[in-house]
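Whole structure, please, built from the sequences with the hints as guidance.
The numbering of the sequence shown is my numbering, which starts it at 13 and goes up by one.
Derived by calculation from the structure, the hints in this document are not laboratory data.
Please note that a few of the clues may not be correct.
[Unchecked claim] Subject to a maximum C-alpha distance of 27 angstroms in a straight line, what follows is the list of computed DSS-like cross-link-like pairs (lysine-lysine):
1) K75 with K86
2) K51 with K75
3) K25 with K86
4) K75 with K25
5) K25 with K51
6) K86 with K51
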Amino acid sequence: MQLKQIPRDALLKPLQAVSGIVERRQTLPILANVLLEQKDGRLFVTATDLEMQITAYGEFAGKQDQSITVAARKLQD
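Quick look at the structure:
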């Protein structure tokens, strides 16, 4: 997935919606990440703390379905 091609607004709003449950200090480092999924013309952003999962989306006209995890704090900063 080429993050540089995602419009800022398509990423920022869903990221802010899910980032509340992402903690910096985790015993499982993957829980500090968010899952970015591009499918069906939308960008889905998912985060979990193993008790709760939140998914938000923004409109994004991508060419193919793909997914990646990225550190949530790096995307926000």
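Hints broken by the structure, by number, lowest first? none
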